[in-house]
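As a plain string of letters, each chain reads:
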Amino acid sequence: MTRIPGGLIDRSQTLTFSFNGRSYTGHPGDTLASALLANGVRLMGRSFKYHRPRGPVSAGSEEPNALVTLRSGARAEPNTRATVAELYEGLTARSQNHVGPLGFDALAVNDLLSPFFAAGFYYKTFMWPRAFWEKLYEPMIRRAAGLGALSGEADPDAYDRGYLHCDLLVIGAGAAGLSAALTAARAGAQVVLADEDFRLGGRLLAESDPLDEAPAPDWVAAVDAELRALPNVRILSRTTVFGAYDHGIFGAVERVADHLPEPGALVRQTLWRITAKRSVLAAGATERHIPFAANDRPGILLAGALRAYANRWAALPVARPQDRIAVFTNNDDGHRTALDLLAKGANLLGVIDPRVDAPRFGDYQLFAGAQVTGTHGRLGLSSIEITRDGRADWLECHALGVSGGWNPNLHLASHHRGRPVWNEELLAFVPGEGGPRGLIPAGACAGRGSTSAALKDGARAAQAALSELGISAALPRLPGAEDKPLRQSAFWHVSGKARAWVDFQNDVTVKDIALAHKENMRPVEHLKRWTTLGMATDQGKTANVTALAVMAELTGKSVAETGTTIFRPPYTGVSLSVLGGGDTGKDFRPTRLTPTHHWAEAQGAAFTEVGPWLRAQYFPRPGETHWRESVDREATAVRSAVGLCDVTTLGKIDVQGSNAGEFLDRVYSNMMGTLKVGRVRYGLMLREDGHLYDDGTCARMAEDHYVVTTTTGNAGLVYRNMEFARQCLWPELDVQILSTTDAWAQIAVAGPRSRELLSRIVDGFDLSNAAFPFMACASLTVCGGLRARIFRISFSGELAYEIAVPARYGAALMQRLMEQGADLGVTPYGTEALGVLRIEKGHAAGAELNGQTTAAMLGLGRMVSDKKDSIGAVMSRREGLAGDRRRLVGLLPEDPNVPVVPGSHLFTPGAPQDMAHDQGWITSACVSPHVGRSIGLGVLEDGDCRIGELILAVNPLEGTKAALRVVPPHFVDPEGARLRD
Amino acid sequence: MTDLIPLTVFGAETPRQTAPGALALAERPDIAIASLALRRGTAGAAPFGLLLPGPGGLAAAQAHLAFWTGAGQWMVLAEGLADTDFAAALRDAAPGCSVTEQTDGWTVVDVTAPEPLIARLLERLVNLPPEALAPGRATRCQMHHLPVHALRLSSSRLRLLAMRSATASLWHALETAGQRLALP
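So the protein lines, in turn, are chains Y and W.
Under our numbering, the residue at position 369 of the first sequence is numbered 369, and the numbers go up by one with no gaps.
Under our numbering, the residue at position 169 of the second sequence is numbered 169, and the numbers go up by one with no gaps.
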């Protein structure tokens, strides 16, 4: 154990956890990484390509190495950073990417073969034979190189979403973020403060420098308490703002229950969509390392991380407290780590600083003008080589803190393609122009990283942001804090022939960058893709700038001239589940139920999805063992007696106003304004390009009142188009429209005995053919005074009606019709029988109105009136479209036992079966109880002139071919006598 | 008077009431609804003494309530009149206007809870700034992918008009949110 005194952990409680099956203990406040380090465990994983032993490099979300699979079973989550995984009782974690035990990884042999695995390896190797690409090479490479693996089980947890709106979003709760939030909160602004850590404070929790001579966490606690007490402040800890989007919208993930053994009733994570009038980016900075030979051993960390583990988590990355620790730094900040380690009683070897004039800040050995040029230690650091003035010495050393300076966390500032700008004084990229509007970087992420500067800058940024909103904010009194200048040298890497890692996660070394340079992959975008630098889970947070500096050195250009890649969301990995916001499985989308749904359920109906609707598909009866039996029975009942079908799902639009008729004339391709009151007309609607997009009926209920019906699938689209036309195309027309789809339950009553059945429920209404002929409509009352609407329209080709009542009476009306029609053979029918009936009649439906057909193709060309203008009419007459000679036909198999397969394409027998000779396709098919065999509808080249011809239907997907006879599309009552009876 | 028995959207004869967490949800099938739209040339309307409100507004007069739904359009609600031909009554009260029956187009759901909880609930369901649904405000919005009219009757009362056919989905979303908000 190397737990040392102090820290921000709760030692009054002990937590037990396991790593690779072995049990350890830690405390609340620990991360998995800090707890493992405190237990003397430094080896936490294997590297991506070479399977090198790896331990944590950082103490935050930038971690490239310490990736573990957290939890087990369906909750197993690969590639979790141990450095940010909050410790909880019973946590289980496993290391990744090794074959055999972590300490004896069989694939470590890759490291010996490293000369073959240089940058561009994949592009140069495995070129042949081509047949091996997917079956051999890819599986082999995936097995040898990679990160963790998914469990393959369904995610058992719940997720949620939410929406926040604020004046100021503060991203990051370190020194700058807290002072920004405090400034805005005291001014009364609506503030959201988000931080990825489980505790507010940022680097203030990791540093030993006091604020107003008191420990910094004391000030953090006071600010935390003040902010939480204010009603205008929302604090989101454990929340990563992962992306900046348009119009001040930010995406954030709150890890609600990731710190618990199981979420229980809680959601695991919540996706927040935050709309902020202004924002302050106070995301801090990430330390960079210095590549040197064998710089990737467990025990070699960023100096700031080493300091954080000592100060915040009271842990040292060594096996025994007396083990020696050194610091290798090119800047003054690295010396702070040495001072803090000394203060903690660590056995400090000294500070290696390549600067000849390196300062000494305390009582430690300084190796000025020296470099670390090598390391030893099989599974963890045991010694380092220090070279000074050409002389190399190996010294025992078990942990090494490395600091190459700090890179501002400017990622969100470049999410709108804002280009980072190189600051030669800071030796870092800082946020440039062109970032998200209203976002102000502050503190370390803006290059102002001393504690004092960050505190002041956060307050200034908040004040500036609020002043743009007209909110006056006073600057708060801020505590006195360290304000040391960051003196550093542009020392980017230690030269040498051995491998020196730049990107730990992708195993990219200085030699790889040199190879990329040699192979002319010099632009930064090429460098990234050729070497895979900066990819995968950490997106190169600790590597990118160093790599650019190395490339700059090789090309002889400055870093500014070399340029940088920019960032896009997400800042850190986001699970797909939370992006769905909990909408999975049954809750993926809302479901719409018909007024008779519960009644149909009680009848044992099978249901089918039609858009968002659940509709009764068929109503099986005892003894029926196949759906076809039920459907045949239902269709036959409609042809011979009477059937009932809930057709509420068809869209209904109420159209009123003195210009309603003219409006409908412009919307429909055929005339509607001439429709008489009490009559219904079938209508077509065209897209602007002249193709059909919907059909339905239009009933004139009064001089200034029409009821339009649409197909189920297009109800929303038609309504939206009509609303657009009303508001934007012809605002001069006096028209008011409203959807009434849900308001009325509508039941189709179809079959030769439908009149007889309806006559039993209407209140003195004359249903005779003379009084209420085909295509009539009326308002009436039924069942003793219930207001209703009746339409004499037919989809089946039989004598038929549709009757509508207020939706709450839909189920009762259906029941009443079933009771009243028992002696008439009344039968409920579902969408399958509905489809059979309309195919038999040759009526078009969604399969024919698929966006590729015209009115002429369906034999309805005369319904595009040339006596008026309407949407799509002119375009329907354009050359090319008007010349399309495909026409709707019926198709009947020569062999009664051969099915008609919808989707099949039609070819002339003997002609080649290819695109050039395609004659059309089959739109719909069914087994017709009326015809006694399979039948189909299709569009066929010159179809109306080819009645009687044999045609070949070919379906390569189904592997079927069938000889079909071309027949008229009406298999039932072609003269239409039945529906007019 | 018809002898057919009306059913609620859940297939029951009595309205559903539940209390997930600290929320109280109540289905209100007694409320009649009709839309009112001014026709061209109609100066205005004041049915049942309602002062028809502007965008985002909500007006009440005795048992009637009106809220703005579009330019020159409102939805008018009347408690206890769902079994009457309310659209006809509104047509009489607003001559020269287009009126459309909407009673069964929407399911009225009343949500009652302490003010902070209502705020948290809206945060989960509605992507709107809180002021858009401050007490006395009404707006059309999206909840759980559904178009919903939301009326903030008071600090502790929210009235939702959900598409009748999709009410079960919205109810499920409300119940789930209520249960989650009750968790520590």
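Hints may contain errors.
[What the hints assert, rightly or not] Reference listing, derived: stretches of chain W covered by chain Y, where coverage requires no fewer than 3 residues with Cβ under 8 angstroms from a Cβ of chain Y:
#, region
1, 7-19
2, 36-50
3, 162-172
[Stated by the list, open to error] Chain Y stretches covered by chain W per the calculated footprint, using a threshold of three residues with CB under 8 angstroms from any CB of chain W:
#, region
4, 290-297
5, 456-468
6, 736-750
7, 931-939
[Said to hold, decoys possible] With beta-carbon atoms standing in for the labels, derived distance ranges:
#, chain 1, residue 1, chain 2, residue 2, range
8, Y, 432, W, 145, 55 to 63 angstroms
9, Y, 946, W, 13, 41 to 49 angstroms
10, W, 10, Y, 218, 38 to 46 angstroms
11, Y, 678, W, 24, 42 to 50 angstroms
12, Y, 477, W, 22, 38 to 46 angstroms
13, Y, 212, W, 24, 46 to 54 angstroms
14, W, 22, Y, 218, 48 to 56 angstroms
15, W, 24, Y, 586, 47 to 55 angstroms
16, Y, 815, W, 19, 29 to 37 angstroms
17, W, 13, Y, 23, 41 to 49 angstroms
18, Y, 916, W, 145, 40 to 48 angstroms
19, Y, 151, W, 19, 47 to 55 angstroms
20, Y, 640, W, 19, 22 to 30 angstroms
21, Y, 586, W, 92, 56 to 64 angstroms
Note that these hints are calculated values from the structure, not bench results.
Positions of the beta carbon are idealized from the N, C-alpha and C atoms, including for glycine.
Hint check:
Interface restraint, the region 7-19 of chain W with chain Y: holds (5 residues with C-beta to C-beta distance below 8 angstroms; minimum three). Restraint check on the region 36-50 of chain W versus chain Y: 4 residues with Cβ-Cβ distances below 8 angstroms, three needed, restraint holds. Interface restraint, the region 162-172 of chain W with chain Y: holds (8 residues with C-beta to C-beta distance below 8 angstroms; minimum three). With a threshold of 8 angstroms between beta carbons, the proposed coverage of the region 290-297 of chain Y by chain W is violated, since 0 of its residues qualify and at least three are required.
For the region 456-468 of chain Y, the assignment as covered by chain W is violated, since 0 residues bring a beta-carbon within under 8 angstroms of that chain's beta-carbons and 3 are needed. A count of 9 residues in the region 736-750 of chain Y with a Cβ less than 8 angstroms from any Cβ of chain W is obtained; the coverage claim is therefore met, three being the minimum. Here's how the region 931-939 of chain Y fares: 0 of its residues keep a CB closer than 8 angstroms to some CB of chain W, so the rule of at least three is not met and the hint is violated. Taking the beta carbon of each, residue 432 of chain Y and residue 145 of chain W are about 39 angstroms apart, not inside 55 to 63 angstroms as hinted.
A hinted range of 41 to 49 angstroms for the beta carbons of residue 946 of chain Y and residue 13 of chain W is inconsistent with their spacing of about 58 angstroms. Checked against the given bound of 38 to 46 angstroms, the beta carbons of residue 10 of chain W and residue 218 of chain Y, roughly 56 angstroms apart, lie outside it. For the pair residue 678 of chain Y and residue 24 of chain W, the beta carbons lie near 47 angstroms from each other, so the given range of 42 to 50 angstroms is met. Separation of residue 477 of chain Y from residue 22 of chain W is about 40 angstroms and conforms to the stated range, judged on CB atoms against 38 to 46 angstroms.
The hinted range of 46 to 54 angstroms is satisfied by residue 212 of chain Y and residue 24 of chain W, whose Cβ atoms lie roughly 49 angstroms apart. Restraint check, residue 22 of chain W to residue 218 of chain Y: a C-beta distance of roughly 36 angstroms breaks the suggested window 48 to 56 angstroms. A beta carbon spacing of about 25 angstroms between residue 24 of chain W and residue 586 of chain Y contradicts the range 47 to 55 angstroms that was offered as a hint. The beta-carbon spacing between residue 815 of chain Y and residue 19 of chain W, approximately 32 angstroms, falls within the hinted interval of 29 to 37 angstroms.
Taking 41 to 49 angstroms as the suggested C-beta distance range, the pair residue 13 of chain W and residue 23 of chain Y does not conform, at roughly 60 angstroms. Taking the beta carbon of each, residue 916 of chain Y and residue 145 of chain W are about 45 angstroms apart, inside 40 to 48 angstroms as hinted. The given range of 47 to 55 angstroms is broken by residue 151 of chain Y and residue 19 of chain W, whose C-beta atoms sit roughly 37 angstroms from each other. Taking 22 to 30 angstroms as the suggested C-beta distance range, the pair residue 640 of chain Y and residue 19 of chain W does not conform, at roughly 52 angstroms.
As the Cβ distance of residue 586 of chain Y to residue 92 of chain W is approximately 45 angstroms, the hint placing it in 56 to 64 angstroms is violated.
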